[in-house]
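Required output: the full structure, derived from the provided sequences and hints.
Protein chains: 2
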Amino acid sequence: MKVAVLGTGTVGRAIAARLAGLDHDVVIGTRDAEATLARSVSDAMGNPPFAQWHAEHEQVGLVDFADAGTHGEIVINATSGAGSVAALEAVGAGNLAGKVVVDVANPLDFSHGMPPRLFVADTDSLAEQIQRALPEARVVKTLNTMNAHVMVDPSRVPGAHTVFVCGDDEDAKATVKELLAEFGWSGEAILDLGGLRAARGTEMYLPLWLSLWGALGTGDFNIKVVRA
Amino acid sequence: MKVAVLGTGTVGRAIAARLAGLDHDVVIGTRDAEATLARSVSDAMGNPPFAQWHAEHEQVGLVDFADAGTHGEIVINATSGAGSVAALEAVGAGNLAGKVVVDVANPLDFSHGMPPRLFVADTDSLAEQIQRALPEARVVKTLNTMNAHVMVDPSRVPGAHTVFVCGDDEDAKATVKELLAEFGWSGEAILDLGGLRAARGTEMYLPLWLSLWGALGTGDFNIKVVRA
Numbered sequence: 007m008k009v010a011v012l013g014t015g016t017v018g019r020a021i022a023a024r025l026a027g028l029d030h031d032v033v034i035g036t037r038d039a040e041a042t043l044a045r046s047v048s049d050a051m052g053n054p055p056f057a058q059w060h061a062e063h064e065q066v067g068l069v070d071f072a073d074a075g076t077h078g079e080i081v082i083n084a085t086s087g088a089g090s091v092a093a094l095e096a097v098g099a100g101n102l103a104g105k106v107v108v109d110v111a112n113p114l115d116f117s118h119g120m121p122p123r124l125f126v127a128d129t130d131s132l133a134e135q136i137q138r139a140l141p142e143a144r145v146v147k148t149l150n151t152m153n154a155h156v157m158v159d160p161s162r163v164p165g166a167h168t169v170f171v172c173g174d175d176e177d178a179k180a181t182v183k184e185l186l187a188e189f190g191w192s193g194e195a196i197l198d199l200g201g202l203r204a205a206r207g208t209e210m211y212l213p214l215w216l217s218l219w220g221a222l223g224t225g226d227f228n229i230k231v232v233r234a
Numbered sequence: 007m008k009v010a011v012l013g014t015g016t017v018g019r020a021i022a023a024r025l026a027g028l029d030h031d032v033v034i035g036t037r038d039a040e041a042t043l044a045r046s047v048s049d050a051m052g053n054p055p056f057a058q059w060h061a062e063h064e065q066v067g068l069v070d071f072a073d074a075g076t077h078g079e080i081v082i083n084a085t086s087g088a089g090s091v092a093a094l095e096a097v098g099a100g101n102l103a104g105k106v107v108v109d110v111a112n113p114l115d116f117s118h119g120m121p122p123r124l125f126v127a128d129t130d131s132l133a134e135q136i137q138r139a140l141p142e143a144r145v146v147k148t149l150n151t152m153n154a155h156v157m158v159d160p161s162r163v164p165g166a167h168t169v170f171v172c173g174d175d176e177d178a179k180a181t182v183k184e185l186l187a188e189f190g191w192s193g194e195a196i197l198d199l200g201g202l203r204a205a206r207g208t209e210m211y212l213p214l215w216l217s218l219w220g221a222l223g224t225g226d227f228n229i230k231v232v233r234a
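Same order as they appear, the protein sequences are chains A and B.
Read in the working numbering, the first sequence has 219 at position 213, and its numbers run on one by one without any break.
Read in the working numbering, the second sequence has 146 at position 140, and its numbers run on one by one without any break.
For the record, the hints were derived by calculation from the structure and aren't laboratory data.
Careful, some of the hints might be misleading.
Same chains, same names: a pair is fine if it fits in one copy or spans any two.
Pairs of lysine to any residue residues, derived as SDA-like cross-links and limited to a Cα-Cα distance of at most 20 angstroms, are as follows [as the list claims (entries may be wrong)]:
1. Lys183 / Leu222
2. Lys183 / Ala154
3. Lys8 / Ala39
4. Lys183 / Ala221
5. Lys8 / Ala44
6. Lys8 / Ala187
7. Lys183 / Ile196
8. Lys8 / Ala96
9. Lys8 / Ser48
10. Lys8 / Asp198
In C-alpha cells form, the structure reads like this:
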C-alpha cells in the first residue's frame with residue numbers, strides 16, 4: 007500500500023521504517039524536504055540528523071507535505087501535536103478527501119517546560135481538531151498511548167496489552183486495525199472505543215503515561231485493559 | 007484502626023463496608039448525619055437511601071464531618087470531587103493535622119451534563135488542592151482509577167492489575183499501601199508514582215476510564231501496567 011507518514015521525528019521514523027519493512031511503498035512528508043536533508047545536527051528531541059537515518063532507510067522517500075498527500079493512499083500524522091493541523095493543511099484538503107488519516111500525535115505543549123501540558127483537553131481533542139480542519143478526511147486516532155518502539159512492535163512488551171482505536175468512520179477504523187495487525191497487534195489487543203470523541207480520553211492519558219515513564223525508568227511499557 | 011470515611015455515596019459505602027468487614031472501627035462522615043438518615047429517597051446517582059444501607063451495616067457509625075475528624079486516625083475522602091475541599095475543611099484542619107488523608111475522589115464536573123468534565127486538570131489536581139487547603143495533613147492519592155467495587159476487592163477483575171499511589175509523605179504512602187494490601191492488592195499491583203503531583207495524571211485518566219466503561223459495557227475492569 008502507498009503510505010505517507012508525516013513527521014521526521016522519532017515516531018515518524020519508527021513508523022516509516024516498520025511500514026517499509028512490511029513492503030509498503032512509504033514516503034515521509036515534511037515541510038521542506040531539502041532543508042530537512044541539509045540539516046547536520048540533532049533535532050530538539052535529540053534525534054540524529056534525518057539524513058543519517060535516511061541513509062539507512064533509502065527505500066523511504068522524503069518529500070514535501072503536498073507530495074506526501076499525492077503519494078499516500080493512507081496518511082499517518084506523526085508530526086508534533088502543535089504543528090499537526092498546519093501540517094495536514096499543507097498536505098492539502100483535496101489530497102486527503104476520502105482518505106484514511108491516522109492520527110498518532112498528542113497535543114503536547116512544551117512552551118512551559120517539562121513535563122509538557124496539553125494544549126487541548128476534556129472538551130476537545132487534537133484528533134477532533136484535525137477532523138474539523140479536514141472534514142472530508144476519515145480520521146482515526148490510535149497508537150498515541152505508547153512510545154514509538156512499542157507502537158510498531160508490541161512484542162517489546164511481554165504478553166497482551168492494549169492499543170486504542172477510535173474514529174467516526176467504521177471502514178476507516180477497519181483499515182487501521184488491519185495495519186495494526188501487520189505491526190503485530192493481536193485482535194485481543196485492539197480495543198475500539200467508538201467515535202473520535204474518545205480521543206479526548208486517550209490524549210488525556212498522556213500525563214499518566216509521563217508519570218509511569220518516570221516511575222518505571224523506561225518507555226517500553228504499556229497498559230492492558232483487564233475486564234471481569 | 008479507627009478510620010473515618012467521608013461521603014455517603016457508592017464509594018464511601020463500599021470502602022466503609024469493606025473496612026468494617028476487616029474489623030476496623032469505621033465511621034462515615036457527612037455534612038448532616040441526621041438529615042442523611044432521614045432521607046427516604048434514592049440520591050442523584052441512584053443509590054438507595056443511606057438509612058437502608060445503614061440498617062445492613064450497623065457497625066458503621068454515621069456522624070457529622072467534625073466528629074469523623076475526631077474519630078479517624080486515617081481519613082478517607084470519598085466525597086464528590088466538587089465538594090471535597092469543603093468537606094475536609096468541615097472535618098477540620100486541626101483534626102487532620104499530621105493524619106493520613108487518603109483521597110480517592112475525582113474532580114468531576116457534572117454541570118454540563120454527561121460525560122462529566124474535569125474542573126481541574128493538567129496544571130493542578132484535586133489532590134493538590136486538598137493538600138494546599140490542609141497543609142498539615144499527609145495526603146495520599148489512590149484508588150481513583152477504578153469503580154468502587156474493584157477498589158475494595160481487586161479479585162473482581164482477573165489476574166494482576168494496577169493501583170496507583172502518590173503523595174509527598176513516604177510514611178503516609180507506606181500506611182496506605184498496607185491498607186491496599188488488606189483490600190487484596192498485591193505488592194506487584196501497587197505502583198508508586200512518586201509525589202502528589204502525579205495525581206494530575208491519575209485524575210486525567212478519568213475520561214479514558216469513562217470511554218472504557220462505555221466500550222466494555224461494565225465498570226468491572228481495570229488497567230494493568232506491563233513493562234518490558
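Status of the hints after comparison with the structure:
1. Taking the shortest Cα distances, Lys183 and Leu222 sit within 20 angstroms of each other only across copies (18 angstroms), while inside one copy they are farther apart (29 angstroms).
2. In this assembly of identical chains, the alpha carbons of Lys183 and Ala154 lie at most 20 angstroms apart only when taken from the same copy (17 angstroms versus 33 angstroms across copies).
3. With identical chains, the CA atoms of Lys8 and Ala39 are at most 20 angstroms apart within one copy only, with a shortest distance of 19 angstroms there and 67 angstroms across copies.
4. Proximity of Lys183 and Ala221 under a CA criterion of 20 angstroms is satisfied inter-copy only: 16 angstroms between copies versus 31 angstroms inside one chain copy.
5. Neither within a single protomer nor between protomers do Lys8 and Ala44 lie at most 20 angstroms apart by alpha-carbon distance, with minima of 26 angstroms and 68 angstroms respectively.
6. In this assembly of identical chains, Lys8 and Ala187 lie within 20 angstroms of each other by CA distance solely inside one copy; the values are 17 angstroms within and 52 angstroms between copies.
7. For a Cα distance limit of 20 angstroms, the shortest separation of Lys183 from Ile196 inside one copy, 7 angstroms, qualifies, whereas the shortest one across copies, 32 angstroms, does not.
8. For the identical chains of this complex, Lys8 and Ala96 are intra-copy neighbours only, at 19 angstroms inside a copy versus 63 angstroms across copies, given an alpha-carbon limit of 20 angstroms.
9. Proximity of Lys8 to Ser48 under the C-alpha cut-off of 20 angstroms is found in neither arrangement, the shortest distances being 29 angstroms within a copy and 58 angstroms between copies.
10. Neither within a single protomer nor between protomers do Lys8 and Asp198 lie at most 20 angstroms apart by alpha-carbon distance, with minima of 25 angstroms and 44 angstroms respectively.
Violation of the numbered hints given earlier is confined to hints 5, 9 and 10; the remaining hints are satisfied by the structure.
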